[in-house]
Every structure is written in structure tokens, then in C-alpha cells.
Amino acid sequence: EEYGEIAKHFDDSDIDAIEINISCPNVKEGGVAFGNDPEMSFRVVEVCRKNTTKPIITKLSPNQTDIAANALRCIEAGSDGLAVINTVMGMAIDIEKKKPVIGNNQGGLSGPAIKPIALLKVHQVYQVSKRHNVPIIGQGGIVSTNDAIEFIIAGADTIGIGTALFYDPLVCQEINAGISKYPVSYIHFRAHETKANLVCRLLLEKKNISPNPTLSLLFFFLLYNFPHLTHISTNLSPLLIYHLNFLTHSY
Numbered sequence: 001e002e003y004g005e006i007a008k009h010f011d012d013s014d015i016d017a018i019e020i021n022i023s024c025p026n027v028k029e030g031g032v033a034f035g036n037d038p039e040m041s042f043r044v045v046e047v048c049r050k051n052t053t054k055p056i057i058t059k060l061s062p063n064q065t066d067i068a069a070n071a072l073r074c075i076e077a078g079s080d081g082l083a084v085i086n087t088v089m090g091m092a093i094d095i096e097k098k099k100p101v102i103g104n105n106q107g108g109l110s111g112p113a114i115k116p117i118a119l120l121k122v123h124q125v126y127q128v129s130k131r132h133n134v135p136i137i138g139q140g141g142i143v144s145t146n147d148a149i150e151f152i153i154a155g156a157d158t159i160g161i162g163t164a165l166f167y168d169p170l171v172c173q174e175i176n177a178g179i180s181k182y183p184v185s186y187i188h189f190r191a192h193e194t195k196a197n198l199v200c201r202l203l204l205e206k207k208n209i210s211p212n213p214t215l216s217l218l219f220f221f222l223l224y225n226f227p228h229l230t231h232i233s234t235n236l237s238p239l240l241i242y243h244l245n246f247l248t249h250s251y
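Residue 1 is where the sequence shown starts when you use my numbering, and the numbers rise one by one after that.
Don't take each hint at face value.
Here are the simulated PhoX-like cross-link-like pairs (lysine-lysine), alpha carbons at most 25 Å apart as the crow flies [to be verified]:
#1 LYS8 / LYS115
#2 LYS115 / LYS130
#3 LYS50 / LYS8
Honestly, the hints are just simulated from the structure, not real lab data.
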């Protein structure tokens with residue numbers, strides 16, 4: 001119920017989309033995380049879908065038996081996108097005190113150590129999401145351009161950076177610049193293979209902006225020569241991606 005109330009509260013705000021973190025514990029069900037049960041996940045996304053017209057991105061937990069089955073239920077409930085993955089549960093022990101370092105015994109592990117797990121989960125979810133044209137935000141241990149490209153090859157339409165920003169605030173610019181140098185033929189392939197511009201299209205329709213070849217060429221020029229521009233505004237990056245996809249379909 002609380003998920004639905006929050007979604008309704010933000011439905012009238014200026015935000016462009018809502019991400020649902022379904023890795024929170026369900027106290028009424030004994031503390032089991034919503035995101036580890038496909039049916040619970042369905043109910044959470046469903047109630048949010050009923051309370052908002054904004055695009056919904058569901059953040060999936062890797063701590064479950066079948067993440068692909070869960071992804072399918074989230075899509076069936078109305079999720080417009082999927083963020084894969086959340087942190088991996090872990091534990092650390094203080095050998096002097098002989099007690100867990102974290103008061104709750106366990107916590108979420110992030111950073112480069114979880115990248116192989118995240119890649120596998122993205123690949124598994126992609127087998128489901130591609131049939132429904134639902135985009136994936138791949139995340140989990142990305143610290144370099146090569147990491148980002150691995151996620152794209154695994155099935156991600158875009159990527160998320162978290163832990164790396166703590167020790168390198170400029171890492172996004174570096175990764176953007178690196179991706180822009182990757183073969184254009186590969187970008188062409190991905191544009192035909194997925195519907196990465198779903199949310200971007202919704203944003204453009206909201207702003208009454210229509211793509212055209214001239215504007216697309218301009219955006220491509222900006223992206224190729226000034227990759228850092230994609231981080232000036234949260235609205236500029238989707239525009240660049242959308243027009244780049246339009247451009248690959250037009251020529």
C-alpha cells in the first residue's frame with residue numbers, strides 16, 4: 001500500500017520517471033524482501049502502475065532463485081523498464097570482537113566484486129525483456145568503459161554508475177567518451193535489436209519534441225565531439241540517445 005501511496009504522491013511532480021526498489025523487507029510476511037518473490041513483485045509494481053502515469057523502472061534484486069521469472073512478472077504488472085541489479089547480500093566479521101561488523105549482521109555488497117554476478121543477471125533478464133521491448137539499465141561494479149560495453153553486450157540498453165563515483169567523480173565522463181569511440185556499426189546493431197528509447201520517447205512526447213534528420217545529425221555531432229555534454233543535464237542525455245537511434249534508422 002505504501003508503494004502505491006508514494007507513486008501517487010509523485011505522479012503530479014516534475015520528475016520524469018519512478019524507480020521502484022523492491023528489495024525492501026516485507027514486515028508482514030516475515031521480513032522476506034518483496035523482490036525475492038515474483039508474486040510480491042507483481043503486486044508492488046501493479047499497485048504503483050495504478051497510481052501513476054509516469055514510466056516505472058523496477059530495480060531487481062540478485063538475491064533470488066530466478067530473476068528472469070521475476071522480471072517477467074514485473075513487466076506483466078506494468079513496468080516500463082528494469083534496473084539490474086541491486087546489491088548482493090554479504091557479511092563482514094570483526095575477528096577481534098568476534099561479531100558481525102554490521103549491526104544487522106548482513107548488508108548490501110557493491111563495487112567491482114559483484115560485476116560478474118550483475119552481468120549474468122542482465123543476460124538472464126534480457127532473454128525475457130527483449131520479447132517485450134522493455135529496456136534494461138545495467139548496473140553493478142561498472143568502473144570503466146570496457147565494463148560498460150560488457151553490460152551493453154549482455155543486454156543492457158543503458159548503464160548505471162554507483163560505487164565508482166565515490167572515488168572518481170569524473171568516471172561518467174570518461175566512460176561516455178570511451179563508449180562514443182566504440183564502432184558505430186555496433187550502435188547500429190543495438191538500435192535495431194532493442195527499444196532502448198522507450199522512456200526517452202515518453203519524455204519527448206511529454207515535452208512535445210519530434211525527431212527529424214537535421215536535429216538528429218546535430219545531436220550526433222554533439223555526442224561525438226563533446227561526450228561530456230551528456231552529463232550537463234539529466235534531460236539532455238535521453239534526447240541524445242533518442243535522436244541517435246532515430247538517425248540509425250533513417251540512413
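Hints versus structure:
1. LYS8 / LYS115: Roughly 34 Å between the alpha carbons, so the hint for LYS8 and LYS115 is violated.
2. LYS115 / LYS130: Holds, because 21 Å separates the two Cα atoms, which is no more than 25 Å.
3. LYS50 / LYS8: Judged against 25 Å, a Cα distance of about 9 Å means the pair holds.
When held up to the earlier numbered hints, the structure conflicts with hint 1 and nothing else.
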